[in-house]
Each structure stands twice: as C-alpha cells, then as structure tokens.
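J.: Here the protein sequences line up with chains A and B, keeping their order.
According to the working numbering, the residues represented by the first sequence are 3 to 453, in order.
According to the working numbering, the residues represented by the second sequence are 539 to 1022, in order.
There's no promise every hint is true.
[Unchecked claim] Once the Cα atoms are required to be at most 27 Å apart in a straight line, the calculated BS3-like pairs of lysine-lysine come out as:
| hint | chain 1 | residue 1 | chain 2 | residue 2 |
| --- | --- | --- | --- | --- |
| 1 | B | K856 | B | K819 |
| 2 | A | K49 | B | K558 |
| 3 | A | K49 | B | K880 |
| 4 | B | K643 | B | K558 |
| 5 | A | K49 | B | K819 |
| 6 | B | K829 | A | K49 |
| 7 | B | K637 | B | K829 |
| 8 | B | K819 | B | K829 |
| 9 | A | K222 | B | K976 |
| 10 | A | K192 | A | K221 |
| 11 | A | K221 | B | K819 |
| 12 | B | K643 | A | K49 |
Note that these hints are calculated values from the structure, not bench results.
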Amino acid sequence: MNRSSAAFQEHFEALTAKAFASLEAGQILACELTAEDSQFVRLNAAKVRQAGQVQDATFRLKLLIQSADGIRSGESSISLTGEESEDLLRVKATLESLQREVPQLPLDPYAVLPQNRGNVEQIEEGQLLAAEQVFDQLLPEIQGVDLAGIYASGSMVRGTANSLGQKQWFYTENFSLDYSVYTPMEKAVKSTFAGSRWSRSELSQDLAQSKSLLSAMEKKAIRVPRGSYRAYLAPAAVSDLVGMFSWGCIGERSIRKGESPLRFLRSGERALSPLFSLAEDFSLGVVPRFNGDGDISPEKIELIREGNLLETLVHSRSGAEYGVTPNGATPYEGLRSPSMAAGTLRREEIFQALGTGVFLSNLHYLNWSDPFEGRITGMTRYACLWVENGQVVGPIETMRWDDGIYRMFGSELEAVTDFRALIAETSTYHHRQAGGMLVPGMLLKSMNFTL
Amino acid sequence: MSLSRLKSLLQEVQLLPELKRASWIGFREMRERHRSFVGQDGHVRETSTSESHGVMVEVFFDGQLGYAATPAITASALRETAIRAFRQAESASRWSLAKFGFDGKSPLVRPSVQGRYASPASTTRLTSAELAQLVVDITKRLKKSPKIVQTLCYIDWIDGESRLISTSGTEVEQGLEGMILHFEATAQEGNITQKRSDGENLQGNLQYLRDPSLWTRVDRVADQALELLSAEECPTETTSLVLMPTQMTLQIHESIGHPLEIDRILGDERNYAGWSFVREKDFGSLQYGSKLLNVSFDPTVSDELASYAFDDGGNPAKREYLIQEGVLLRGLGGLESQSRSKLGGVANFRASSWNRPAVDRMANINLEPGSSSFDEIITSVERGVLMDTNRSWSIDDYRNKFQFGCEYAKLIENGKLTKTLRNPNYRGITTPFWNGLKMVGNASTLQTHGTPNCGKAEPNQVIRVGHRSPVCLFTQIEVFGGGA
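Isolated chain A, as found in the complex (with noise of 0.2 Å):
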C-alpha cells in the first residue's frame, strides 16, 4: 500500500479499467474505493493505553443490468492488498460473480443508472507528524492533567469510477487529537485539536484553554431539580442535535413514508423558527461532494431557511420512487456537510442572555424518544454548569432531558450567536470518517429536564 494520492489513484484506476473491460452488453459497472494509512494512539491518564498504524482499503464494484424487462444490480466489496496482480485477480473474481448472480435477482424497480456526470477531484496533502515522533511531540504536552482520547493521523481516499467514464476523487491528510481533561471529582472539559498541518504550539494553546475551563469545574457539584430552565448550548452541543436530522428526519424518503417529524413543516401543521436555517454546505471542503454511487451533489443545499423547509436530501433511488431531482445524497440521505446559519448573539452576551440557568458544553447519547414526533431525548455531558443572574454558580450533576425540534428549533429559540464552530468528524467506525460540521450556539427559552 502507498500513501500518495498518486498511487493511490493509479491503483484505482488500473483496477477500475481492467474490470470495465471486462464488461458485457447491457452490463453498467461503477466502483468505489475507501481507504486510509492511519495511526491511533489512545490515551488515558495521560499515557498510552495503545498505539497502533492501520492500513486498510476496501473496492466496491456495483454491476446494473438492463435487459428489455427492467434492471437488476448487486454489489460485491472486497479488501484490497495494494498489490496490482492480486488485486486484479480479486477484482475479475468478484465482478464475474456479480455477472453470475445478477442476473438471478429479481427486478429492482427504482434503481437508477450511473450517468457521466463530469469528474471531481479534491486532494489535500497536509504536513502530518511521522508515525513515532506523535509520541514525543504529544506525550510531554499533556503531562500533568488527567487526560483521555484518541489521536487519530493519516491519509484518507474517496474514489468513484463507472463504465461511462465518470471518475471522482478525494484524498486528504489529517489529524485529530479527541480528548477530554478530568478534576479529581471527575467533572471534565470537552475538546478536539484537529487540522491537516501539526503545530505542537498550538496544542499547547488548545490544551491551556481546556485546563481554564476546568478550573470551573472543582466547584461542588449541583443537583438541579427536574423542570423546564432556561439554557444555552455550545455549538459542540448544537451540532449534537443537529446530527439528529440524519436520522430518519432530513431524508426525503422518510417524510415521503410519515417517519419524520419533518412531514409537519412540509404540510404547513408546524413551525420552526425564523432564526433556524440548515443547509448541507460542501463548500466547507471537509468531505467529498460525490457520493458512493458519484453522484455529485450541488455545493450548497439549502435544506431549512428561517424555518421553511425549501429542500430535503434526495438519494437518487428516492428521485426514482417519488419523481423529485436527486441531489447527490447518500443512500440513507444523512446530512454529511452540514452548515448552520449564524445569529446576532455576541459571545460576551451569552451568559447576560442566558441570566438564571444551564449552560451545556455537549450533549450524550441523543435518540427519539419519539421519533415521529421530533421528541428527542439524551443526557448533559462534561462542561455543563448552572448560572444565576449571569454568574456561573458551579458545573451541574448530570442531568437526562426529552425535548421536541419543534421547541429547541421553534418556539423555544430565543437566539443564535454570531460565531460558529467547525465541530471535526472523529468517527472511526469502520474507517476513519471525513467531514465535519459548522454550527453556532443556541439560547432557547426552556428546555425539559427530567431526571
């Protein structure tokens, strides 16, 4: 396995024309590679509680046959080993099954076939530290506070190809050090240092703010009652809650099937605030704008504007069933770049605005307890204190709340700040996950508090 995006890249392409050749009339091939060069080095403590490289990269072929009754499609995903001549030998073994077993699946008929749609490239090279200097340049800066996260470092590749002669590409080069900082009381501070160019200064920047705010948080613990209080959510708690549009909510499919809450904004029912706008922004460039499939999305959809729903994401397999223009989703049509409009309120404003109740710096563990509803349920987390009169009094015992969208994101939204924050994707479920997501903070008027 290479790590340059030129290797990569004619890896793939070698790959790619050999099984293009190989293809029969009717037959449409698109392919896909996912792949990574990444290091992990877990912490706790402030040591190393394992550390390791991994080198990982997976080809997905997706065969379409259209004959005079419809079209048929399977998929087939294999490791790839980095080595041309076995690779080739798994690519033609696992394509000529595809040509075997295709043909003996039922009809499929909402798929959809590739089309050229142009070619993308994105390749960020970033200046990463080498494999064994992570330890010596990070170890010494986070001695001296009980810390633990992941640090995360290396290449990622997206690619797309089909037997048209559409072809995508985007590689990037990064880090991210996804960590938390405890009191002895185990109350603790929240943060990710993340970028595509190592600066071990401005660790040091992030790590000293990160100790600051944990000075507030020695402070005696604070049980606060169950009820409805006024609150503030840092955007690292906003973006929380606006994941919860990628589940069964933003998707056209699920409001064209009555699972998402969202069905009650299209059909006029409710509301949303005037200060609430989503829309999925790729121009923030921090994932691919093609999909698995290559179809490509437009560099910004503007989902929500102050409060109407002007689009929801559309998977072309949606656009098939529904008779609506795609817009380069994915297939579970989740947001991947999402971007939320900015507001008027200042940051030094916020806890004056705030006056008496919870300031949450994240949330934890968010699912509907109603999910056609909107009604979400999840629990405070880290640095979440209890102010009064503007004054932060201490950080709060954890606390369960259940709240619906249509108050956290209508009636209930008093204010949105004036600044945002890039929240990094650290996911590294499967592979390390691209993206990210730039949200403000928001003041709602009451929030439910339950246990």
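Here the structure of chain A is known, so what remains is to put chain B in place on it, guided by the hints.
T.: Quick look at chain B alone, frame taken from chain A:
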C-alpha cells in the same frame, strides 16, 4: 490462509533484525464475509456481498503493545507491518499506561493456547436468489393494508473465520456462521405513524428461515402496526412494568453489560462511551439488584451471537456469574484489564475486525431464568404496563440514568392484559431499577436475542453480542407516552 502458511510467515518475521528485540509477536488473521439482502415495499432494494480480510500484527516491547494491521497477507507486507508494530511499541513504551508482565516467553495477557471453534453446523442453505426473494416476499406479506405505508426486511448472512498464532506457540482457529434477520411494517393514518418489527440475531442454525412460524410472526408485525394506530397513548404514571425478552435484551445490555466493562471502570472509555458508576471496590459487595437477579457471561451457548472458544487475546472462554442473587461478583474484563485492575474477569478481549485492537467487550450476557410463568407474572399485577421490542435507548456516561422506549405495550389491569398502548417509554436509575425486580420468568419465557451493532472504543468498533432473558416484572417504574 492455512495455519501452517501463517506460521511460516511469522517465522520469517521473527528473523528480522529489528524484531529480534521484540519480546513477543502475534498474528490475528480475520476474514469476514457478509451476504446482505434488503427488501422494501415488495421490491428488492439492495443485494450485496462484502468481504474484509487482513492481519493484525501485535508486538510487545518492554511490556508495551504496539500493533499494525494490513490487508496484504504476503511475506513482504507482513515484514513491513511487523516493523511498524514494533516501532509503535518501542516508541510508546516510554509513555506506557501499564506494563504487562511475562511468564517465560509469553506475555501474561497473551496465554499460549491451542484450540478450535466452529459455529453449530446449519442444515439450511439458501442461495442468493432465494434470500433476495425471501426479503421481497416478507415485505409483500407485511403489506396487509393500504394503511401500511412502508415494509422493510433485511437479512445479513455472516461467515467468518479467525486465526491466532504467536511466537509463544498459540494456535487457534475459529469459525462463525450466523444470520441477522429484521423485518418491520410502518403504518400511518392521519397524523399517526407507528412501526412494529421482529427478527433474529443468531449463530448457527438458520432453520427458522424455512419454518412456517416465520410467516405467523410476519403477520403479527403487520397486525400490531395497524393495531397501534388506534391504540391509546401510554399513560404517565409510576407503576409496575413487565418487560418482554426483546426489551430485556436492551435493558441488560445498557445497564448491566456496559457498566461492568472493566476498561470503562479503569477510565479507558471515558472520552467516548463513558465511565461507569461501578468501582473496583463494588465487586463482591454491591447489591446491584434484587435477590432474583442472576446474570452470567456465557460464550458457550451454542446459538447465541457471541459464542466462541477463545477471545482475541487467546483467553479460553467459559461461563461465569457476573451477578448472583443480586450481588455484583465479577466484571467484564479480559486479561489486560484483569492485570491492571487486579480484579477477576472473563474472556471478553475482542476486536471487531483485523484492523482494530481488542478491548473489553460483552459477549453473551444472559439473565438466568426464575420460577414464574408468564401467566403468574401478569396475574400478580393489579395495574401496570407490559412493553415489547426496543424503539429508543439513551443512558448517561456513567450508566445510571436511562430512558428507553418500546414499540408496543399492553395495559395490565387486575391481573389481565387489556388495552394496547402506543409510544411506551420508561425511565429509571440503574441499581434502584434492578433492585425493583420482583418476578423473573421461568425457562418457558426465555428468548435469545442480541445485536450486531454494539458500538464502543477508540478507534471505534461495532461488535456482535448475544443476550438471553426471560420475561421480568419490575415495580415502581416511571412510564410515559410520546408526543412532540
């Protein structure tokens, strides 16, 4: 790859000058194939296969583990990968959280073992075309009314194998075959939408796919989705709660399984999934639940999703009680966590794939049956709610304050199941909740379930776990309904 070929590759790696400084080297080869079929509204939506195959190389240096993973299983690739792993171990060894001791030539946390495991052989075989047709047929059958606006079914057939070898003589081969089946119907009338689902998460025998009872279950899902449209909202009150095994699975998983993971107790997980309210001193003394609560770690049950003979560190798997008569006895910690915490543990050091390091995971966590029949449980309740099939789950980072929701519920009045209820939810705090366990169903109420998607760890991993439970009755629980 054959064990003998893997061993010869390990021998080549051992000869590298740099690796001669390593204390120990291990290879964990894993290959996993999935055949997945998704049907929606009477059509096939997706048919796919996937195969992930590679090797995790583990190297110990000065008591510190370093790892490197590669999908290229060739001599040259494994040499390069082993050198990477060694350099990680060596560089990290100056900053080790814990140094792991050795016994002769083997780390204490990587015992020298030999053995094999294979899932129970299934007599049922279905072709891809048959499985694709099955998901289509199930979604057609679910569409019993125009009010059913969406039907969905997926099948994920899993076939995996792993091999562990090491410079201290470990030779383990394990094979797994299993099936995830899920089907659901979404019903809608006016502004009311409700969903009902069912499925299986089992290892080995796939006979149920051929069993006529499958279609009875499909019909019940559709009927109950429709029934929920006109059901009353779950009341808001503090009352008795009967949980069916489909929901007990989630309750056990979130409020017993996760808090007992020793790596959580040691703080490894606190930046991600969280810490635990359980502390080292609690083992042997904490009254976790009522005297009716008996919970085992049991990777030896033949059909549960997480059965195996050895964990991914080579620790032989055996059944252990975690909680007996309500008292917390043992945590879910593999040999590394046992070494660090000085607590007893279990063989649960598991990795989701060749490209992830093993950590403490659940395997099969089972609540042992009691003595009450289902009828005896219902008859004993003057007023309460029975809840079935998880729909919503959320719990805090110490695994204390939870709120769970279900798809379907029945009101219990004067010892009888009466009205159907929709949007049932309940909330509580872990140990008071389990201490409110009043009746435990007998073996006739046992069901085996599990999940293929238990998420944890940094880097993140999803893993399969199994849970077997009887029907259970709890007292003084806050229940409530849905709404915006």
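J.: Would you mind marking each hint as holding or not holding in the structure?
T.: Checked hints:
Among the hinted pairs, K856(B) with K819(B) is consistent with the structure: their alpha-carbon atoms are about 24 Å apart, no more than 27 Å. Proximity of K49(A) to K558(B) is assessed by CA-CA distance (about 26 Å); at most 27 Å being required, the pair is judged to hold. Distance check on the hinted pair: K49(A) and K880(B) sit about 19 Å apart at the alpha-carbon level, within 27 Å; holds. Taken as a hint, the K643(B) and K558(B) pair is honoured in the structure, with Cα atoms around 13 Å apart against an allowance of 27 Å.
At roughly 24 Å between alpha-carbon atoms, K49(A) and K819(B) fall within 27 Å of each other, so this suggested pair holds. Restraint check for K829(B) and K49(A): not satisfied, since their Cα atoms lie roughly 40 Å apart, outside the 27 Å limit. Straight-line distance between C-alpha atoms of K637(B) and K829(B) comes to about 39 Å, which puts the hinted pair past the 27 Å bound. Distance restraint check for K819(B) and K829(B): the Cα-Cα separation of roughly 20 Å lies within the 27 Å cut-off, and the hinted pair is therefore satisfied.
Of the pairs offered as hints, the one joining K222(A) and K976(B) is violated, with about 36 Å between alpha carbons and a cut-off of 27 Å exceeded. A threshold of 27 Å between alpha carbons decides the hint, and for K192(A) with K221(A) the separation of about 17 Å falls inside it, so the pair holds. For the hint pairing K221(A) with K819(B), the CA-to-CA distance comes to about 26 Å; that is within 27 Å, so the pair holds. Distance hint between K643(B) and K49(A) is fulfilled; the C-alpha atoms sit about 26 Å from each other, no more than 27 Å.
In summary, the numbered hints that this structure violates are 6, 7, 9.
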